[in-house]
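Colleague: One line per chain: the protein sequences are A and B, in this order.
All residue numbers for the first sequence refer to the numbering used here, where the first residue is 1 and numbers rise by one.
All residue numbers for the second sequence refer to the numbering used here, where the first residue is 1001 and numbers rise by one.
Think of the hints as simulated: they come from the structure by calculation, not from any bench.
Note that this is a predicted model, so its numbers are computed, not measured.
Backbone N, C-alpha and C define an ideal beta-carbon position, used for all residues, glycine too.
Hints are supplied without guarantee of correctness; some may be wrong.
Unchecked claim - Derived CB-CB ranges, DEER-like:
id	chain 1	residue 1	chain 2	residue 2	range
1	A	27	B	1092	28 to 36 Å
2	A	125	B	1115	37 to 45 Å
3	A	182	B	1116	39 to 47 Å
4	B	1018	A	176	57 to 65 Å
5	B	1202	A	105	50 to 58 Å
6	A	9	B	1115	25 to 33 Å
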Amino acid sequence: MKTTRTIFQQGNHKWVAIVRDPKRPGYLVDTNEYLVTHGGEGMLLDPGGSEIFPAVFSALSAEFDPSALTAIFASHQDPDICSSLALWLEFNPGLRCYVSWLWESFIPHFGGNAQTFVALPDAGQEIPLAGLPLQAVPAHYLHSSGNFNLYDKTAKILFSGDIGAALLPPGEDRLYVEDFASHIGHAEGFHRRWMGSNEAKRRWCERVSRLEIEQLCPQHGAIYRGADVQRFINWFDELPVGIVND
Amino acid sequence: MTTALTTPDSSLQAPRAGTDLLRIVRINEEIKQVVAVSFKINIMALNAIFLAKRAGTTALGFGVLSNELRAFSQDLRTCMETLSGLIHEGVDEVSLMLQDLRFNRLLREAAELAPQSRASAVLDNRDTAFGRREEHLAAVRRQLRRALDDTFRMVELGGVLAKSAKIEAAYGQGFAGALAQVSGEFDGIVEEIRTSLESLRRSAFFTG
């Protein structure tokens, strides 16, 4: 079973990280899921693949009623992002899934119907959660061609999807980055290969530098907080990407 | 503990459904071949009618039989359409069951890890729906078996007609050779279909 860690709380506004399953089979990439709750409603960010659904569900259930999940935010279309969609819909068939317009007709292969999906335009849009304004921030080609981050200006948290992801070796399971210099070694190969465009990367770095971010939460690996957030943005800005030595 | 957590045993059902799918896919492939051969029979029966007309009074008996063979080939086509429809229904049902089994397995694991959650109730509903699918598949299985039996009996009758046509061909005087060839081919193909159907009726999909 995964563990839950509250990374922000202010009244009924809460961010919960669902992380690290010791029973996860080694052949499945480790993922982080995030639950945002506000005013009795919940939004699950990148709910994960169907094979890890039991672990995510049980961890989430300990914190929140899964039937009260009103939305899923899918940063992009990959199976580790949202192939569990059909299973979450069992608990609330009216649940809405926010995703890039690019994947609006692809993700239904995982489940859902015409009413399930809310297509996000390329420029992004505000996504309300019981009155809490969340912002879908464009991150196209990083790595998916239709890709979004989610920003909560109240919590000062940016859910960054695959940006900032690190494939940590066994035993390294800290929630937060503690030593940026050693941590970033686990992120470099991933970013060089998975991120497809230097231009897109530059635009993203400029865009998020204008946001006030206290925690940058990737879908794999540890969370960047405090000064490490800007450290990561600067590091990423300098990193050449989209090159394969084949 | 709810019934959802104790029954049915999806670890046993999944391999069974997987095997069912493989079996029904094999039956489908066999039936597709039989359908193709049945189409050939239709053309052959038509040729037999033309040949009997050309032979005229020297092949009156063959003429009667060729008309019967033509009617048989049309009936056979109808049977094949029924079999194809049923087999597609079966393939659909078994593949949906396989999908359900995977989802149910994941929900069952979730319910075990979070016993206080609604997962057990959701699973109960899904198990009920799965039970309905199993009943539907059992009905399709029975219908398919009956349709195969009906087709088999009809093909046996076709075999008798083909053998009678072979006998009548011998009285065809100058056309005897051509009539014997047509009726012989007909008999051969009917026998081929009969053998295929016999093997299909023995499929473990029906016998378990």
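Colleague: 37 to 45 Å was suggested as the range; check whether the CB atoms of residue 125 of chain A and residue 1115 of chain B agree with it.
Modeller: holds, 39 Å
Colleague: I want to verify a distance hint. Is the separation of the beta carbons of residue 1018 of chain B and residue 176 of chain A within 57 to 65 Å?
Modeller: violated, 44 Å
Colleague: Take a look at whether the Cβ-Cβ distance between residue 182 of chain A and residue 1116 of chain B falls inside 39 to 47 Å.
Modeller: Given about 40 Å between the Cβ atoms, the range holds.
Colleague: With respect to the beta-carbon atoms only, verify the hint that residue 27 of chain A and residue 1092 of chain B lie 28 to 36 Å apart.
Modeller: holds, 31 Å
Colleague: Given the range 25 to 33 Å, decide if the beta-carbon distance of residue 9 of chain A to residue 1115 of chain B lies inside it.
Modeller: holds, 26 Å
Colleague: Please check whether residue 1202 of chain B and residue 105 of chain A have a Cβ separation lying inside 50 to 58 Å.
Modeller: Violated: the Cβ-Cβ distance is about 45 Å, outside 50 to 58 Å.
When the structure is compared with the earlier hints, violations turn up for hints 4 and 5 and for no others.
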